[in-house]
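When you get a sec, could you build the whole thing from the sequences and use the hints?
Protein sequence lines correspond, in order, to chains G and P. With our numbering, letter number 107 in the first sequence gets 107, and the count goes up by one each step, no holes. Each number in our numbering comes from the position in the second sequence (counting from 1) with 198 added on.
These aren't lab readings, by the way, just hints derived from the structure by calculation. Model, not experiment: these values are computed from the prediction. Where a beta carbon is used, it is the ideal one built from N, C-alpha and C, also for glycine. Be careful, since some hints might not be right.
Said to hold, decoys possible - Pairs of lysine-lysine residues, derived as DSS-like cross-links and limited to a Cα-Cα distance of at most 27 angstroms, are as follows:
| hint | chain 1 | residue 1 | chain 2 | residue 2 |
| --- | --- | --- | --- | --- |
| 1 | P | K277 | G | K55 |
| 2 | P | K280 | G | K62 |
| 3 | G | K114 | P | K314 |
To be verified - Stretch-level coverage of chain G by chain P, calculated; a stretch enters the list once three of its residues show a Cβ under 8 angstroms from a Cβ in chain P:
| hint | segment |
| --- | --- |
| 4 | 7-14 |
| 5 | 21-32 |
| 6 | 38-44 |
| 7 | 72-80 |
| 8 | 102-113 |
| 9 | 117-128 |
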Amino acid sequence: MALSIKNLIASVLIAISGFLFWTEVLPTYGQTSNLKTYITNRSELLSARTVIVKKIEDLNRKRSDRYIELQRLALITPESKNLPEIISMIEAMFSRTGNMLGDFTIGDASSPGKALRRVFLEISSKGSYRSSLNLLADIEKNIRIFDINSITITEDPQSQDTGLLNFQIRGDVYWLDQNALVLEQSPAERIRSGEELN
Amino acid sequence: MNVKEKLQLLPGTKKRLGIRVPGQNRFLYLGSMIFGAALVTTLALGQYRDSLQSNIKKIDDQLVSLEQRRDKRAEQDLKLFKDRIELTSRLLSDHIYWTKAISVIVNLLQTDVRFKAFSGDASTAKINIVLQATNYTVLAKQLAAFLTEDGILDISISKITTSSSGFLETSLEIQFDKSKIIRKIK
Numbered sequence: 001m002a003l004s005i006k007n008l009i010a011s012v013l014i015a016i017s018g019f020l021f022w023t024e025v026l027p028t029y030g031q032t033s034n035l036k037t038y039i040t041n042r043s044e045l046l047s048a049r050t051v052i053v054k055k056i057e058d059l060n061r062k063r064s065d066r067y068i069e070l071q072r073l074a075l076i077t078p079e080s081k082n083l084p085e086i087i088s089m090i091e092a093m094f095s096r097t098g099n100m101l102g103d104f105t106i107g108d109a110s111s112p113g114k115a116l117r118r119v120f121l122e123i124s125s126k127g128s129y130r131s132s133l134n135l136l137a138d139i140e141k142n143i144r145i146f147d148i149n150s151i152t153i154t155e156d157p158q159s160q161d162t163g164l165l166n167f168q169i170r171g172d173v174y175w176l177d178q179n180a181l182v183l184e185q186s187p188a189e190r191i192r193s194g195e196e197l198n
Numbered sequence: 199m200n201v202k203e204k205l206q207l208l209p210g211t212k213k214r215l216g217i218r219v220p221g222q223n224r225f226l227y228l229g230s231m232i233f234g235a236a237l238v239t240t241l242a243l244g245q246y247r248d249s250l251q252s253n254i255k256k257i258d259d260q261l262v263s264l265e266q267r268r269d270k271r272a273e274q275d276l277k278l279f280k281d282r283i284e285l286t287s288r289l290l291s292d293h294i295y296w297t298k299a300i301s302v303i304v305n306l307l308q309t310d311v312r313f314k315a316f317s318g319d320a321s322t323a324k325i326n327i328v329l330q331a332t333n334y335t336v337l338a339k340q341l342a343a344f345l346t347e348d349g350i351l352d353i354s355i356s357k358i359t360t361s362s363s364g365f366l367e368t369s370l371e372i373q374f375d376k377s378k379i380i381r382k383i384k
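Take a look at the structure:
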């Protein structure tokens, strides 16, 4: 074969190689780099989600195991106002401690839209120093939280001989509005919890 | 004269000179090698890209199956449950204990001092006490005793009057630290 033909073939091969390099090798190389980054990100996402799903399953299992204990939470902050229960609770505390229950006011003191709702209580009573302290201790130990915001203890001018005291308390009892609790969750939290996926 | 005996100046057939020059095929070899390398690289990269794409598909399938495994309602319940626990914990940690405040104040009470009225407000962190003391020395001791308490931040005293029974009567406004006076120590 003539040298010139050999040179021509070699040149054509090199030209084809160059063409392949520019049209196939370089773009594919770029693609693989992008794919590798993409795989890394997706793998991280997959492992993170696997861990989260596992944790959620564990939490659900633990919650089921300790269902009875967790039900006590509903006693601390019930899911409804439950006014009859509040009245009987207060009445029981006063009769237990020997304080004479006087005026009693109940009102709603909740902020609109908040999940934690408040029932305002104002109670006047009469009793000895000891019974008033017992009443306070009873209120503080009550399973349904009753926060006394203000307290007034004065001498009862009509019963100075018996040593009775006028005892007035103002405070809040709480309940939890589940619907408002759902609405309080931010959109990001709702996405994380899966509501807006798919 | 015979034709064969005549002088032949031009050859009858065309004959190429077979002179071999060392390295004359080098360029051809080089071209072939470059072409081969380009071809192999193209094929190998193509295979590698396909395997990466199949990996992506596998991961995506796993993500989809993981997504299908999720119980979104249970997750939502858990989130609500967590919020509920947080709210309840906050309520418990902020729970007000007036028995603690009364106990602190009564323990600081001096002999010859008597309380006529006691009131407290958790939101302003103030306690108002109307008291009677036998004399100014006792009153001063009482104020000093209150100030020894860590949770009492400040005391204001109003006008001191003398009652018909001879006692000094005044009212005190005590500013206190909520965490030390009306909250349980964690």
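Hints, verified against the model:
At most 27 angstroms may separate the alpha-carbon atoms for a hinted pair to count; K277 (chain P) and K55 (chain G) meet this at roughly 13 angstroms. The hinted pair formed by K280 (chain P) and K62 (chain G) meets the criterion: a straight-line CA distance of about 13 angstroms does not exceed 27 angstroms. With a CA separation close to 40 angstroms, the supplied pair K114 (chain G) and K314 (chain P) exceeds the 27 angstroms bound. Coverage of the segment 7-14 of chain G by chain P holds [criterion: at least 3 residues with CB-CB distance below 8 angstroms; count 7].
Here the segment 21-32 of chain G counts 7 residues with a CB under 8 angstroms from a CB of chain P, which clears the bar of 3, and the coverage holds. Using a Cβ-Cβ cut-off of 8 angstroms, 4 residues of the segment 38-44 of chain G lie near chain P, which meets the minimum of three, so the contact claim holds. A stretch counts as covered by a chain when three or more of its residues have a beta carbon under 8 angstroms from one of that chain; for the segment 72-80 of chain G and chain P the count is 3, and the coverage holds. Counting residues of the segment 102-113 of chain G whose beta carbon lies closer than 8 angstroms to any beta carbon of chain P gives 0, which falls short of the minimum of three for the stated coverage.
With a threshold of 8 angstroms between beta carbons, the proposed coverage of the segment 117-128 of chain G by chain P is violated, since 0 of its residues qualify and at least three are required.
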